[in-house]
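Line by line, the protein sequences are chains A and B. Numbering of the first sequence is given in the numbering used here, commencing with residue 299 and proceeding in unit increments. Numbering of the second sequence is given in the numbering used here, commencing with residue 2 and proceeding in unit increments.
Just so you know, the hints here were simulated from the structure itself, not pulled from any lab data. In this text, a Cβ means the ideal position worked out from N, Cα and C, and glycines have one as well. There could be a bad hint or two in this list.
Between beta-carbon pairs, the in silico distance windows are [stated by the list, open to error]: (1) B:Ile-97 to A:Glu-636: 46 to 52 Å; (2) A:Ser-747 to B:Ile-95: 27 to 33 Å; (3) A:Asp-746 to B:Glu-96: 26 to 32 Å; (4) B:Tyr-100 to A:Val-719: 28 to 34 Å; (5) A:Val-621 to B:Arg-78: 24 to 30 Å.
From the derived model, a few chain A residues whose C-beta atoms are all more than 10 Å from chain B [said to hold, decoys possible]: (6) Ile-334; (7) Phe-658; (8) Trp-676; (9) Val-694; (10) His-705; (11) Lys-741.
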Amino acid sequence: MNLASPREDLGWVLVIFVMIGAVPLVTGIYQYLLVILHFLRLHYARCGQWLPRTAILIPAWNEAAVIGVSIDRLMRLDYPRDSLRVFVVDDASTDDTPLIVRAKAADYPGRVVHLRREAGGEGKAQTLNHGLSEIMGDDWMQALLIMDADVIYERGSLRAMTRHLADPAVGAVTGYIQEGSRPGNYLTRFISYEYITAQAAARRAQNVIGAVACLAGGAQLHSRANIEAIGGRIDTGTLAEDTVITFRTQLAGRRVLFEPHARVWAEEPGSIGALWKQRVRWARGNVQVTCRFRRVWFRPRRAHRLGSISFGAIWFSVFLLPVTLLVSSASLVTLYFEDYQLSHTAFRGLWIINVIAYVFITSYTLLIDPQAGRRTWWQGILFPGIVSLVIMADVVFTGPVQWLIGHALVALGIAFGHPIVQSVILFSYFWLSVSMGLAYLAKIVERDSGIRRYLSVALLYVAGYGSLLCAITLAAYVKEIRKADSKWEKTDKVGNMRIPA
Amino acid sequence: MGKDRQGRQHENSSVNGESAVVSEQAVLSEPHPAVFPEPDPAVFPEPDPAVFPEPDPAVLSEREYDAGIRNARRFERIMAAKSLISFALIALVIEIYLYYH
Numbered sequence: 299m300n301l302a303s304p305r306e307d308l309g310w311v312l313v314i315f316v317m318i319g320a321v322p323l324v325t326g327i328y329q330y331l332l333v334i335l336h337f338l339r340l341h342y343a344r345c346g347q348w349l350p351r352t353a354i355l356i357p358a359w360n361e362a363a364v365i366g367v368s369i370d371r372l373m374r375l376d377y378p379r380d381s382l383r384v385f386v387v388d389d390a391s392t393d394d395t396p397l398i399v400r401a402k403a404a405d406y407p408g409r410v411v412h413l414r415r416e417a418g419g420e421g422k423a424q425t426l427n428h429g430l431s432e433i434m435g436d437d438w439m440q441a442l443l444i445m446d447a448d449v450i451y452e453r454g455s456l457r458a459m460t461r462h463l464a465d466p467a468v469g470a471v472t473g474y475i476q477e478g479s480r481p482g483n484y485l486t487r488f489i490s491y492e493y494i495t496a497q498a499a500a501r502r503a504q505n506v507i508g509a510v511a512c513l514a515g516g517a518q519l520h521s522r523a524n525i526e527a528i529g530g531r532i533d534t535g536t537l538a539e540d541t542v543i544t545f546r547t548q549l550a551g552r553r554v555l556f557e558p559h560a561r562v563w564a565e566e567p568g569s570i571g572a573l574w575k576q577r578v579r580w581a582r583g584n585v586q587v588t589c590r591f592r593r594v595w596f597r598p599r600r601a602h603r604l605g606s607i608s609f610g611a612i613w614f615s616v617f618l619l620p621v622t623l624l625v626s627s628a629s630l631v632t633l634y635f636e637d638y639q640l641s642h643t644a645f646r647g648l649w650i651i652n653v654i655a656y657v658f659i660t661s662y663t664l665l666i667d668p669q670a671g672r673r674t675w676w677q678g679i680l681f682p683g684i685v686s687l688v689i690m691a692d693v694v695f696t697g698p699v700q701w702l703i704g705h706a707l708v709a710l711g712i713a714f715g716h717p718i719v720q721s722v723i724l725f726s727y728f729w730l731s732v733s734m735g736l737a738y739l740a741k742i743v744e745r746d747s748g749i750r751r752y753l754s755v756a757l758l759y760v761a762g763y764g765s766l767l768c769a770i771t772l773a774a775y776v777k778e779i780r781k782a783d784s785k786w787e788k789t790d791k792v793g794n795m796r797i798p799a
Numbered sequence: 002m003g004k005d006r007q008g009r010q011h012e013n014s015s016v017n018g019e020s021a022v023v024s025e026q027a028v029l030s031e032p033h034p035a036v037f038p039e040p041d042p043a044v045f046p047e048p049d050p051a052v053f054p055e056p057d058p059a060v061l062s063e064r065e066y067d068a069g070i071r072n073a074r075r076f077e078r079i080m081a082a083k084s085l086i087s088f089a090l091i092a093l094v095i096e097i098y099l100y101y102h
């Protein structure tokens, strides 16, 4: 009988920990394979040309730059005029917002309502509840659209969403949020690419599974029956009121759908600092939701699909992504000192899966939305960061890449000996963790202009946008563990948006 | 009653500015030009009539609705085909790579 020594056992345990880093990649591929099946799970057979009386609820705090144009655009939607009312809840704005909304109320009598909260700053959910209590006060409203003050709906988008509510089993519908900042910059193009993966692809996959993770805060349409079923109020206990309402809708037995052809354009942050602030709020909200619905995960039920294995795997592969990267990286480094040959094999195995996931997901993402893909293909290619791309190239084309690295080091005057080779190997093992630190550094050094702005951009391209998102999630964990203040901070918008022709 | 961001007490409701909310309401009804300047047309442009024309009642017809559904179905089928081709090509590239290594 050939028994493995304790040292060999430790080696294989470490290999398993290394491969934990591949779990989110495999889940990503699985998610994209589900997208292929989306055409088989369309809801259109149960749709109808239903145009319910729709109340549009817009929370607004200091939205003078965008609110007037938003209202004008809503008034031009392909929708019966008598069936559309806009309720702007002005959350104690200190700019021109109340004046503009009152002017619009005068321009569109009976179709625009200005609701003023004199005591503001409590958060988006409280602001929405102020409007909801007004809207639910009579039975005019048949459907409720919750949106942000800055988002732009394409003319047919609302109709594309309401048609699903003809099926009483559907409680809520969300649209395809796209990044619309123009002229935009490198960061908004990263966000634009991210939205193809996180919205156009991921939400189609969720349609196939039958469980949607989140109704976009800027585009969520509810039936009146659904709002009544969840108590007629928005949850105020978390930073992710949109995710909570999505879960509660599905737990109450109603379906939530993603309508990819209801396009909605949103302005997104143009600096890492602003993006960090916005995404830490989202990520903290997700931590709160994960804890709050802890009895839902991996417990399949007939009434809803939130407890399915597929949905749980997708949710946690994103939620725990920074943890898997840290565990994988630490295990690789430990394995390097325990069993060098095994560490090399595990490293190559992990990165080969990385290459397959990267090539498949990137090419498919650019195909899903060719219009956005044409603007963002460069950011799509560089999404994992330059160092990760070099590692992937090394795994696939080992000889040529090592020849190039060797010559580059010699050109820099660095002797290409054993210590250097071992340092490079150790660095590549550490990289999954280091990349998050580098992305955080990009946020720290960022300034509006000058050399530090360029340094910040360079650091982000080297570390990768994906690493930045992981670092943000990690920061959210830390804030939640430390029970940091959960104040709702609005993302600044200036209205520099345009729908592409 | 609630508190604003400066900690002052207020009544907390009004509709289209018509209900009797005092204090800041009064201030807001007569904006000071220095505090509330006219919006900058560059930042706050009028919607482009070419992009947002007046709604056409004909668009709401049954035929248009059916065409919309048909187009959406076709888009989803084409996307599935594209993804299968993409997946097959990647599998082929991996196969060739493994063959030569």
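Against the structure, the hints come out as follows:
no.: 1; hint: B:Ile-97 to A:Glu-636: 46 to 52 Å; verdict: 35 Å, violated
no.: 2; hint: A:Ser-747 to B:Ile-95: 27 to 33 Å; verdict: 45 Å, violated
no.: 3; hint: A:Asp-746 to B:Glu-96: 26 to 32 Å; verdict: 50 Å, violated
no.: 4; hint: B:Tyr-100 to A:Val-719: 28 to 34 Å; verdict: 29 Å, holds
no.: 5; hint: A:Val-621 to B:Arg-78: 24 to 30 Å; verdict: 39 Å, violated
no.: 6; hint: Ile-334; verdict: 5 Å, violated
no.: 7; hint: Phe-658; verdict: 5 Å, violated
no.: 8; hint: Trp-676; verdict: 19 Å, holds
no.: 9; hint: Val-694; verdict: 7 Å, violated
no.: 10; hint: His-705; verdict: 23 Å, holds
no.: 11; hint: Lys-741; verdict: 27 Å, holds
The structure fails to meet hints 1, 2, 3, 5, 6, 7, 9 from the earlier list, while all remaining hints are met.
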